[in-house]
Amino acid sequence: MKTPLLELTNITKKYPGVIANEDISLTVNKGEIVALLGENGAGKSTLVKAVFGLVRPDSGEIRINGHLIAPGDTAGAIAHGVGMVHQHFQLVPVMSVTDNIILGDEPTRGLFINKRAARAEVLALSEKYGLQVDPDAIVENLPVGMQQRIEILKALRKDVDLLILDEPTAVLTPQEIDELLNVIRNLAKSGVGVLFISHKLREVIAVADRIVVLRNGKAVGITTPKESDEEGLAHLMVGRDVVLQVEKGEAKAKEVVLSIRNLHVNDDRKLTAVTGFDLDVHAGEILGIAGVEGNGQRELVEAICGMRPRIKGSVLVSGVETPDMHPRRVHAMGISHIPEDREKHGLVASYSIEDNLVLNQFDQPPFAKGWIRNAYALESNANTLVKEFDIRTPSIKTTAGALSGGNKQKVVVARELSQKTKVVVAAQPTRGVDVGSIEFIHNQLVAARDNGAAVLLVSAELDEVLSLSDRIAVMFGGKIVAFLDGKDADRAKIGRLMAGLSE
Amino acid sequence: MIKKYLGSRWSPFVATFSVILFFYLKDALATTSVVATSITFGLPLAMAAMVGIMCERTGIVNIGIEGTLLVSSFIGFFVASVSGNLLVGLFAAVCMGAVSGLLLALLSVTWKMDQIIAGTIINILATGLTSFFYKQGHTLPSTFPEIDIPGLSAIPFFGPVLFMHGPLTFLGFFLILVLWVALYFTPWGLRSRSVGEHPGSADTAGVSVVRMRYLNVTIAGAFGGLTGAYLTLELVGSWDRGFSAGRGFTALALMIFGRWNPLGALAAALFFGVAQAITNQLMITEVVTIPLQFTNMLPYVLTILILAISAGKVRAPAAEGQPYEKESA
Amino acid sequence: MVRDESKELRVKYVRSWLLPVIALAIAFAIGALMMKLQGANPLKAYESLFSSAFGSSAGISKTLGKATPLIISGLAVTICLRAGLFNIGVQGQLLAGALASAWAGYAIHGLPLFIHLPIALFFGTFFGALTGIIAGALKAYRGVHEVITTIMLNSLVLQLGEYLAYGPFKEPGQQLARTPEVLSSAKIPDLFGMPVGFFIAITLAVIAWWIFKKTTSGFRLETVGRNKNAAWYAGISVKRSILISMFVGGGLAGLGGAIETLGVVGRYEPAFNAGLGFDGITIALLGRANPLAVIPGAILFGGMRGAGGSMQFAAGVSPDIIDLILALVLFFVTAPLIGKWIKTVRGNEAITTGGWGN
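Residue numbers (my numbering), protein chains in the order written: chain A, 464 to 966; chain B, 33 to 361; chain C, 85 to 442.
To be clear, the hints were calculated from the coordinates, so they are not data collected in a lab. If you're wondering where the values come from, they're calculated on a predicted model, not measured in any experiment. Positions of the beta carbon are idealized from the N, C-alpha and C atoms, including for glycine. Treat each hint with caution, since some may be false.
Unchecked claim - Stretches of chain C that chain A covers, calculated by requiring three or more beta carbons in the stretch to come under 8 angstroms of a beta carbon on chain A:
id, stretch
1, 291–300
2, 309–315
What the hints assert, rightly or not - A partial selection of chain B residues facing chain A, derived with a Cβ cut-off under 7 angstroms:
id, residue
3, Thr218
4, Glu229
5, Thr236
6, Gly238
7, Val242
With the rest of the complex left out, here is chain A (with noise of 0.2 angstroms):
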């Protein structure tokens, strides 16, 4: 009976309010491919967290080779022979990509440290993994799919035994996600234990030996792949029959609401992000953009509703121009927005709910009179869309910051949608939201369709785009670069054209 190379036992971990994993015992061994999947909260990264020494458990056991790891021991676990690719990328932006690769490990020369030899080393592991790097380039000025693969090679750079991955799939085109995971089948191959994170059914059951799926921080079931299937899996990740396809009605699309002509948009570096964008989205339908992060959608939302400056062309909305970089008067002529980044934009985590709900509506009537704030009105306010949009809170009192991630989306989609508006844009709507929040959020958006609003949606979840989309355009290097119908849509066509190929 050979050890494994991962054995967790009875792992627990809570935080005030939520038990993020609880009495979980798991194994994988060498050459194996396990998958941990589960929804958004379910506790996956927490799991793994704790093997790479991130978060300390409350109790349990981790044992690495037979051998027993300090909770929090970063270092500990990394000279065991863990690597870790994270999901949010753990690199120094403004460091070249060498820096990035030798931290904590850096070839010496004396006191100083060896530069040649560091650049030798990361050509080397290019080599070796097939991933091309430019040793010399800066983190932050490279595209986000290079940038994993720098992730990726930091954590190969010593000799792994055990590689985990917390989903690592969501900035890649399908194309590139079969690549890596021909990368991962490889390293198993070799003798390489993976641990692979995803809330993504499709991939899990092409490339997991073993599934293991956690619900609310517990493991509820070890499978396989040739056991299960979608469905199946499915059900065991929420535990009753979920609808994966949004059930709507047929559009009815009427005249065009939202218009955006010839429009050029800078990003944060100063590089163009959107070029020569035009758009035309029409009332009662759903314009669905699906692209791979970073081909220019979060600056083309920012620049529609006025919270990045247009270089050049303009937003209408049925006619009339759209101010620039004035999010409050954008919103005032009709535009919704359900910001990508919602802790930066879209809540104050330290206001109630009730404050939240009508943050952008605040000295407005009926929620102020003049310069005296209405209280009565914002309790009413905050009791109805709480019952309406089935906010899940102990008290409309409760700050914002203690929900769940779904709940504060709920918010914001609440604060949102119960406003009279001509055009919803929605990005990432249910990025961090747990599987019951989207179904609900989903269905609020086709419901906005239904009473007349466009809806833009902006989502890097292709599966999310085709299941409400009317229309798709798809989003490459800052310009649209075909049209579909909603209901021919190829997985495998839009695929290639996400990677920028002819269809």
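We have chain A already, so just place chains B and C on it with the hints.
Chains B and C in isolation, oriented as in the chain A frame:
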């Protein structure tokens, strides 16, 4: 082409060099003394700026440099006075500085307090402690004497400017160079900088963020202690309430202006020193009569000007000011 | 998961009073230790301190008089804190107000009290506001952190004041550097033996509290202080909020200086009120940026400062110990429990630190 030249990084140096040359040709003696005193004015600022750089590069904003200077110069002065031994005073000052650094680390790293408030607390504590324990009538046995490096100090102009200074001046310069080398060329420097830019990346590479921050902030504090010792034991020779006179804050401005680079801050500090030395010279020779208070105001006005020009455009270490939560990565 | 919200609120309420009290107790204990080391009797010292400050109507009157500028400067810091700014320049803004009001007090002749006094007060408020808004503008338009600019301005105003008191504004025929005494038509009268300034200060505190709780302007400032990005997104002008809070904060501090000048001192002297501004910072931090909580803190500080002399007389302890005790109070109040508590209540956004480039 002229525009490109003016915009280059070297133009301030060339300009200064030409101005100095011009004045040297007019009055060699005065010019030499002005430039030499600008070093003695500017160096403590540069050293204080190093304290800021070491802390901020590792992600800790240190508003309390003023307090560190105050309390370590105080201890240095009184210990030296009571013991009659300058070196003992120096040692005490450095230790006191390290203690203040340790305190800042405790407040901001372990207790995760808002770092600006933490620094302000250190300043207020320093003021309270020093004013409470201050006793009149103490004097130093002497001050650290000027050292003339034989041979080199005889070179006209460069001799007095570079090679005739007190021992702490030389030490200070040396340590600034050491810091620069260490920050950019050693593993310690790489790790420190990564902790200040993106602590998660250091943590996941096995570098202890907490340990690096404690270490660097404490050493920075010790360096601040050395600066305080320099001020009282070598430069001024006494101590009085409010001794640090805002230098700790000016140092922060110089740090920003120098873009968190030791050599940049040193250059900025020397410019500052030159400005002060020139004003001094003008006052002494009564070329221009300005009321005393206006000359006193000069460093403060300059600091504000420096910041107004540079602050908004520079890029601080990205993670500074935020306590590191391990479980947020 | 049902949480007992009312119990939570009660715990928070108790905590908000309990911790400053504990901090005070520890600070006083350490102070007592220091006194013992100096060979004095701490009990006697504390007894004389408190009986002098609070034990007689004359003592109370003096305490309240001392508390007045402290309430106002604490309020100034508090308002700026709410907007996410750390205004350490209260001292300079206060001095600017004192100077300006002293000048208006002696230089303008022939006006009756009910015109002259408001004008003099206005001068003080205005110049304090001006000093404040310089730092505000530098922050709003150039991104310069207000901590450094306000401290620099403190020194600038101090030097300017000294210059003026030695020079153009100097009282003729006097060796000392000070301005002439303000005319009686500009002095703040006492009302029933209690300093009027104190009631003005309390009113201002209540108004400030009400503004933050009930008005849209207060909501704007508060939102900017908690999450600049969300505030901008909600249509709140961050720049305008910064300018307004520094203007108001500076104006308040200036008013405090004016009240002190016109109501107590009667002129501007360079030795004026060395620590008022910094006490204001401590009081604001102790009160956890709550305008009403500034009042008890100011009364305590005012009492201790006012009674320092009698403590020295009765127990031989130098008043400097009060500096130390107050510094220790600040330290223990902002100690670990508080640090974490502030975070949970105000969220991770209540951080005034953000780096230097905005």
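Looking back at the numbered hints, which does the structure fail to meet, lowest number first? 7
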